[in-house]
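Here are the chains, one letter per residue:
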Amino acid sequence: MSEAAESRIPVTVLTGYLGAGKTTLLNRILSENHGTRYAVIVNEFGEIGIDNDLLVESDEEVYEMNNGCICCTVRGDLIRTVENLMKRKGAFDAIIVETTGVADPAPVAQTFFMDDDVRNAAKLDAVVAVVDARHVQQRLKDTKEAEDQIAFSDVILLNKTDLVSAEELTGVEAAIRKINPYAKIHHTERCQIEIADVLDRGAFELDRILDLDPEFLKKAEHAHDHECGPDCDHDHDHDHHHHHGHAHDHDHPDHECGPDCDHEHDDPHSVKSFAFTAGDLEPKVFFDWINQVTQIQGPNILRMKGILAFKDDPQRYVVQGIHMIVEGNHQRDWRDDEKRESRIVFIGRELDGAALKTAFEACVAE
Amino acid sequence: MPVTAPLDTDGFVISANFLGDVAAFASGEGSVFFAGGPETQTPVHKNGLLCATPSLDGKSLITGGGDGRICKVNADGSVEEIAEQPRKWIDIIAAGPQDSVAYASGRTAWVRLKSGEIKEFQLPRAFSGLTFAPKGMRLAASRYDGVTLFWVNAAGDPQELSWKGAHSLITYSPDGKYLVTSMQENALHGWRLADSQDMRMTGYPGKVKSVSWSAKGKYLATSGAQAAILWPFMGKSGPMGQAPLELGVRGDSMVTTVCCHPKEDMLAIGYQDGMVMAVRFHDNAEVLLRRPGAGPVSALAWDKKGNRLAFGTEEGAAGVITLVD
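So the sequences go chain by chain: H and W. Letter 170 of the first sequence, counting from 1, is numbered 170 in the UniProt record's numbering, and no numbers are missing. Letter 193 of the second sequence, counting from 1, is numbered 193 in the UniProt record's numbering, and no numbers are missing.
Next up, chain H with everything else stripped away, as it sits in the complex (with noise of 0.2 Å):
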């Protein structure tokens, strides 16, 4: 399994509204230099510009599994096209899906975990989405969709920064750190940006969750501060704002949002996120609460993430999560220079993050 893990082509999702740019996107990273050779599976050739022998349309279809969860979908259409890649193998080195605008990026993502010759042949390694700045909002307003893709992605284009004033920008961005505070959001014209900020991000690995996002940790306490509301314990919050001197290493406009969310918070954004922390946990109690909770919830849990201190183990213990699939696995010992603690954070839909971080906390060892 290692082995294979090893030799897994990565994938890169692009999700996006019509109109966004993710073909603007698309044609930037195929058209670059870069020596890697994509295999491209797109919803209708459109505009691609690119002469690629390996641009590939596929029809979505959403594959239900027969084990009575509504929210096991897979994207069967992907399942074959990757199947078909595999036969030629030496021909490409990433495969990139872009989707369309309306699809729903779950059951894209669960494909490369839930069927078992796709996982090993793929590794997803980011969901992108490219949101219009200027149309984002009214999105939001009108369609599922459009947060559904904010709230699942790794790496977010607020593409189209031209178009809306300063203080506009600061309201999209402040719109979107709401549904989705972890995610890495670049602000682009034409969706300029260094390939590399969208592509080999490894969002999905296990052993880089911590170390390619500094911003995990910062970013779970600001949610705290702006998410929790009344229900928030501050005791906590200010609890774990003592061990991140890196915080202010960042310019972050999350600072921004802090005093327009209250007026915001009768909008239509169902989505929200929590972070929870605490001590040294209880393997056997949390496993069976992350199990019962995303079992129950599942439907609910669009990502989670979590990287926990487990009793008696010198080892960091990391744990991720799209609806019911939760993967999980041993990443390394801790360091000195790190703290010693549990961390995990959920972005969900009608989730009570109260009841969360009671259950959460009751996982601590005794």
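Everything labelled a hint here was simulated from the structure, so no lab data went into it.
Straight-line Cα separation of at most 27 Å, DSS-like style, residue types lysine-lysine; simulated pairs:
#1 W:K119 with W:K177
#2 W:K72 with H:K89
#3 W:K72 with W:K114
#4 W:K135 with W:K177
#5 W:K218 with W:K135
#6 W:K305 with W:K218
#7 W:K46 with H:K89
#8 W:K263 with W:K236
#9 W:K305 with W:K59
#10 W:K207 with H:K89
#11 H:K89 with W:K209
#12 W:K209 with W:K305
If you want the footprint, here are the derived chain H segments under chain W, 3+ residues with CB under 8 Å:
#13 57 to 63
#14 71 to 80
#15 83 to 94
Fair warning: this is a prediction, and the values are worked out from it, not measured in the lab. Where is the CB? At the ideal position from N, CA and C, for every residue including glycine.
Chain H is already provided as a structure; the job is to place chain W on it using the hints.
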């Protein structure tokens, strides 16, 4: 003692077949390689070869590719383009009676008749497998939530067989009484066509990607487990209520490809680690035909007499094993 004549191809071996006495190996990179013929290799598809199946007369190989072309490759190395769907990946193909060929991409399937006439068939969701009925011009298509049976030449509504879930590979029993599909959920589903009775065949740890009917259609051999699983189809109700045979059991490798002997109650089994064995049904007697190596076995085929076995692997190794001279 079996003798092996090895052959290197340049890619994933999609299929191995005997065209008369010549063994033909279709490579995912786009060429067909030959053993025992006048040519050793012929390029067929520019953008990857995705599927291949022998014509019913056994004289040629029908291939589909990422270049949207459907080709007929003969044992002498000649290639004939028989149809094209520009910009489509043709990854499903079936050979039918009277030199007809069916192929599909996405939600459309086409049947090209000998005359050159092409008929088109649509489904609301993607085609995922095609096969012709053993008798009559009837095309069976697997799809999400079941199977659709089209009459190729006659008007009339297609017949639908429903079973929830994603069906992929599809095969008719040689007597035409049963239709069996493999499913996304590591199971087979079957229908007794006389009364549309459903049959569930479950218990596989992996997806079933290779199936083969034994001589006279007595058993359906399948991959997807650490043994070849053979479902009995002799009785009136097929495998219902009966235990399958488990042949060539190994604790350390999955079966990836199966191919029943054309005459004897015996089959060739290819494993994930590259091993090939021949196993007899009645006593499970095993003969090692190839040692592990060079990737999972992805293709197996007996010649008409059952004296030679062609094999290929995902990493491009191929060859012909002669059992009897």
